[in-house]
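S.K.: Chains as they are written, first to last, in the numbering used here: chain Z, 1 to 189; chain L, 1001 to 1180.
The hints are simulated quantities; they were obtained by calculation from the structure and are not laboratory data.
Built from N, CA and C at the ideal position, the CB exists for glycine as well.
Treat the hints with care, as some may be off.
[To be verified] Computed footprint of chain Z on chain L, listed as stretches where at least three residues anywhere in the stretch have a Cβ under 8 angstroms from a Cβ of chain Z:
(1) 1051-1060
(2) 1122-1128
[Unchecked claim] If you anchor each label on the Cβ, the simulated ranges turn out as follows:
(3) F1097/L with L149/Z: 26 to 36 angstroms
(4) R174/Z with A1100/L: 38 to 48 angstroms
(5) V164/Z with M1113/L: 41 to 51 angstroms
(6) L171/Z with D1004/L: 42 to 52 angstroms
(7) V164/Z with A1169/L: 41 to 51 angstroms
(8) L141/Z with S1110/L: 20 to 30 angstroms
(9) P106/Z with F1097/L: 43 to 53 angstroms
(10) G1178/L with A86/Z: 19 to 29 angstroms
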Amino acid sequence: MTRPLTPRQLFLVFSHLSLLGFGGVLPWAYRILVERRQLITPDTFRELFAYAQLFPGPTICNMAVLVGHRESGTRGGLAALAGMLAVPCVLVCSLWYLLQRFGQTPLVADALRGMSAVAAGLVVATACKLARTLPRDWRNLVCAALVVLGLALFRLPLLLLIVVMIPAALLLMRSAPATGVQQAPHGPG
Amino acid sequence: MDQDDHGAIALILLAHCSAISMMAIGGGVVALTPELERLVVYNHHWMSARSFIENYTLAQAAPGPNMLFVTLMGLQAAGVPGALAATVGIIGPPVAFLLAMLRFGSRLGSPAMALLLRRAVAPLSIGLMLATSWSLSRMAVDNWQGALLLVGTTVCMLRTRLNPLWLIAGGAGAGMAGWI
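Based on the sequences and whatever the hints tell you, model everything.
M.R.: Spelled out as structure tokens, the structure:
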């Protein structure tokens, strides 16, 4: 395949890797983009991924936009994003219709209950891994605790909470001694 | 529920998802779960907590990005218009922001400022993920067997390098066996 990829080719590559991604697309993104197609080097992948995580929004979608943009600009970014989403979206919506149809059957409902507990456990594990990367500093603990309490206990609107907490955290951190921020592992979602 | 309702709900979803999309910092879209649950289950009763967690599980187990649970949430609340509204709302603003940054220069102030911002955001995004864990766990678990499965999954993920798909398959098996 000649470089740089056209938007059409980007759409196909990202559809492919997205459809391989049962339970998370990231490992397949690495396998296809770096190992099989050799579109980007491992170092570039890591760099783009750090960038994708730094920006707000779905990390894997940001990653698609960044890789697509490198190949053919804004149109490339949008094509890669569309590839990442279009086919899986149709697929998962079809599964949803099946679920509406058969979700009440006892066997399906029982299976889903078990799977849901596992799905929640996966997120808990990701949260634990993330929390372990945080330096044990009272400022970090206070900020994280306020967010948890605000959302889980008081059911505050997220927008309000974040708009208040970001300036507050900036003020707190300005007085903190400089320590390296460790690289956070990737979570689901 | 008729089509008018679906249109109105889709508009609310579009507005709300766009507004919170830029708050998905550090942990990805899953970190928005507490807010989405608050909107569609707690405030508006568009679906039960059970439906919410089932949609999340479906998106997690199916191929494609896990963020498609937002699409399913929209589909459940307001059919196809709802699915489109929720998806566009969650993806649109961050992607537009990213493309704008790529186009018009990607440096936001000094490196020191960027580091400070990262240090300030890190504990907040971890708070979001912990609140998300709580929210999903509460929706997913309604007996001690379920709680045991959840804790077992967490320990497995922290201690081993097992592919999560095996755990999901195991969860389905345990459910079908009537243990959960």
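S.K.: Against each hint, give a clear statement of whether it holds in the structure.
M.R.: Hint check:
1. A stretch counts as covered by a chain when three or more of its residues have a beta carbon under 8 angstroms from one of that chain; for the stretch 1051-1060 of chain L and chain Z the count is 8, and the coverage holds.
2. Requiring three or more residues with a Cβ within less than 8 angstroms of a Cβ of chain Z, the coverage given for the stretch 1122-1128 of chain L holds, as 7 such residues are present.
3. The given range of 26 to 36 angstroms is respected by F1097/L and L149/Z, whose C-beta atoms sit roughly 29 angstroms from each other.
4. Judged by the Cβ atoms, the range 38 to 48 angstroms given for R174/Z and A1100/L is violated: they are separated by roughly 28 angstroms.
5. One distance hint, 41 to 51 angstroms for the beta-carbon pair V164/Z and M1113/L, is violated here, with the actual separation near 20 angstroms.
6. At about 47 angstroms, the beta-carbon gap between L171/Z and D1004/L stays in the expected band of 42 to 52 angstroms.
7. A hinted range of 41 to 51 angstroms holds for the C-beta pair V164/Z and A1169/L, which are about 42 angstroms apart.
8. Roughly 28 angstroms separates the CB atoms of L141/Z and S1110/L, a value that falls within the hinted 20 to 30 angstroms.
9. Take P106/Z and F1097/L: their Cβ atoms lie about 46 angstroms apart, and the range 43 to 53 angstroms holds.
10. Distance hint for G1178/L and A86/Z: a CB-CB separation of about 38 angstroms, inconsistent with the stated range 19 to 29 angstroms.
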